[in-house]
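Protein chains: 2
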Amino acid sequence: MKKLINDPARVVDESLEGFGQAHADLVAVHTDPNFVTRAGGAKPGKVGLVSGGGSGHEPLHAGFVGLGMLDAAVPGAVFTSPTPDAIAPATTAADGGAGVLHIVKNYTGDVLNFETAAELADAEGIEVKAVVVNDDVAVEDSLYTAGRRGVAGTVAVEKIAGASAERGDDLATVAAIAEKVNKNVRSMGVALTACTVPHAGKPSFDLDDTEIEIGIGIHGEPGRRRIPVAPADEITEMLTNAVLDDLGLGSGEQALLLVNGMGGTPASELYIVYRAARKLIEARGATVSRSLVGNYVTSLEMQGCSVTVLRLDDELTALWDAPVHTPALRW
Amino acid sequence: MKKLINDPARVVDESLEGFGQAHADLVAVHTDPNFVTRAGGAKPGKVGLVSGGGSGHEPLHAGFVGLGMLDAAVPGAVFTSPTPDAIAPATTAADGGAGVLHIVKNYTGDVLNFETAAELADAEGIEVKAVVVNDDVAVEDSLYTAGRRGVAGTVAVEKIAGASAERGDDLATVAAIAEKVNKNVRSMGVALTACTVPHAGKPSFDLDDTEIEIGIGIHGEPGRRRIPVAPADEITEMLTNAVLDDLGLGSGEQALLLVNGMGGTPASELYIVYRAARKLIEARGATVSRSLVGNYVTSLEMQGCSVTVLRLDDELTALWDAPVHTPALRW
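The listed protein sequences derive, respectively, from chains A and B. Oh and the first sequence: position 56 is 56 in the UniProt record's numbering, straight run, nothing missing. Oh and the second sequence: position 77 is 77 in the UniProt record's numbering, straight run, nothing missing.
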């Protein structure tokens, strides 16, 4: 295992320490338990947004804390759900008196631990609602999931619900908008290589030099099938058509296209995939009116990518375009 | 070779096509020959900034075209200098009547081709000055270089000279500021793995599972030495102390610290390195007053990073802080 780390047991703590120092103008890192809040703390009267999950998917979630997006993020150990005792104080810290929305990726541990934390917050008099993101069309049920997994569509949920909260919407409205994004977003990924969890010290799964896995999960959970290495346009077609079929994106509709890198893929390759995915959307008579290309929901150093399509209407487009000022997303 | 590509010969063209589509609000991609300009074209009366180099280092340079940074970028084939017949029309396109600054990384082919293009532009009546960036302290002379190589310090030169041009400075002033940045910036990198140029089809060099290369070049050129895998803090010390010794950063001074990913390194590891590098700067009594952490000057899917330190004064800090609106850098 070659990694730029010191002690596998200290990866998350040391990384958060650097993250907090590098972005001290935007975020504050709390330790023991670990969570990240906006530098200025909760905004009175604003609905608070809290997300979190296992580490190893950076910049998700801590990279999205800031104006127009999250109020707090809770990083667990690598590929391990954060515990309720970390989610609860993050929820308290994010509460500005208007309640808190939990944005949870659909993994059994995450869902359970966020629910427990919500009960703890409720006992403190904080109203909490939750949206469970389940955008991955690859498989029903999976290693750590009942139902579909939550993957890169989470970025769209966090961005758009964040803009809703920032403009002063109440908790029911912010939650409804988050649900609306989740209902209209679909993703599917591919792995060219596995990744190595630091404390495991060896790759999460085996993939030989001539094969790739279509429909991979962001923790290396099995996808739909393994196939021999294929041209980018063919791979993109498998991912994008599965996404578009499931979403039912039709002629005349508008979409956000997110091509997300898994961590170890050069930007040049992501743009090649973007170009192919865009063609497929246009071939159905729909329009790509917003785009995002880069590493947003990663799997450590895995090579591969995912394609995410979000159906846009005027409301979602305006919220997507609203200002955002976080370490990893800014306009 | 596993890559998300179609035809190795079409990697740059297809990637640029996707890049232009995804960022059509910011840039325009020109083909045959390939170069990238701001979407709005040259700004009358403003000094134009043009950079370029081999592809495979994305987001450098095309990702830095936009308000407050470059006016045009010229991507060559992967790891291959762009030709004068591409640099010349990019220079013409970037000229707003106030002359053009070429920002050139110090590789023999790049320097030669930019010089030839400058002569072609001069024949058209466009005044061109050039700054040659040579921030890599690892080695004197190298595979493709007489003198020191130009690496991640280029981002600082492009950002700060870009801000100078944007505020209306004349060509001599913009060139002097670019030179000032180059004189005050130093970098050194490390490779954990090699990378594979698409048309070569195999890794540029061999590095076994237990060793890393200190002082690596961004094309895999040899560095200072190979050592067994070591903890991140030790590796960071080798890079940062070499940079700080050469720069002579002293007590009471302020610095920008850039920890740059080589393309295949998770963000979490870059923050671990950032944290260690920052401690070393502070141990010398200097202050890290500005920070940048991420993939900015990459080597395809290489795992590794570089540490860049720029000595800041009030002038450079203000220019660094000035607005920038490009695909890869935005504030």
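Source of the hints: derived by calculation from the structure; they are not laboratory data. A quick note: this is a predicted structure, and the numbers were derived from the prediction, not measured. Heads up, a few of these hints could be off.
Because identical chains cannot be distinguished in the list, a pair is counted as satisfied if it fits within a single copy or across any two copies.
[To be verified] Derived SDA-like pairs: lysine to any residue, alpha-carbon spacing no greater than 25 angstroms straight-line:
(1) K43 / A123
(2) K43 / D208
(3) K279 / G109
(4) K129 / T108
(5) K2 / K46
(6) K43 / A24
(7) K202 / G96
(8) K180 / Q254
(9) K2 / G40
(10) K2 / L67
(11) K183 / A123
(12) K2 / H30
(13) K46 / L143
(14) K43 / G285
(15) K180 / G109
(16) K279 / E179
(17) K129 / A42
(18) K2 / A194
- Query: From the Cα coordinates, with 25 angstroms as the cut-off, is the pair K2 and A194 best called within, between, both, or neither?
  - Reply: both (14 angstroms within a copy, 12 angstroms between copies)
- Message: Cα distance capped at 25 angstroms. Does K279 pair with E179 within a copy, between copies, both, or neither?
- Response: Intra 28 angstroms, inter 44 angstroms, cutoff 25 angstroms: neither.
- Item | Alpha-carbon proximity context of K279 and G109, limit 25 angstroms | Neither way: K279 and G109 sit 38 angstroms apart in one copy and 36 angstroms across, limit 25 angstroms.
- How would you label the pair K183, A123 (within, between, both, or neither) given a Cα cut-off of 25 angstroms? Neither: 30 angstroms inside a copy, 59 angstroms across copies.
- Could you place K43 and A24 in one of the four classes (within, between, both, neither) given a Cα distance threshold of 25 angstroms? Within one copy only: 18 angstroms inside, 35 angstroms across.
- Message: As a check of your reading, is K129 near T108 (CA-CA no more than 25 angstroms) within one copy, between copies, both or neither?
- Response: Only inside one copy: K129 and T108 sit 17 angstroms apart there, 60 angstroms across copies, limit 25 angstroms.
- Query: Using 25 angstroms as the alpha-carbon threshold, which applies to K46 and L143: within, between, both, or neither?
  - Reply: For K46 and L143, neither the intra-copy (37 angstroms) nor the inter-copy (57 angstroms) Cα distance is at most 25 angstroms.
- Query: Can you tell me if K2 and H30 fall within 25 angstroms by alpha carbon in one copy, between copies, both or neither?
  - Reply: Close neither inside one copy (29 angstroms) nor across copies (40 angstroms); limit 25 angstroms.
- Task: Using 25 angstroms as the alpha carbon limit, work out where K43 and D208 are close: within a copy, between copies, both or neither.
- Result: Answer is neither; intra-copy 50 angstroms and inter-copy 52 angstroms both fail.
- Query: How would you classify K2 and L67 at a CA-CA limit of 25 angstroms: within, between, both, or neither?
  - Reply: Neither: 36 angstroms inside a copy, 39 angstroms across copies.
- Check K2 against K46 for me: Cα-Cα at most 25 angstroms, and say if that holds within a copy, between copies, both or neither. Intra 44 angstroms, inter 47 angstroms, cutoff 25 angstroms: neither.
- Can you give me the call for K43 and A123, within, between, both or neither, at a CA distance of at most 25 angstroms? Intra 21 angstroms, inter 60 angstroms, cutoff 25 angstroms: intra-copy only.
Violated hints, in rising order: 2, 3, 5, 7, 9, 10, 11, 12, 13, 14 and 16; the structure is consistent with all others.
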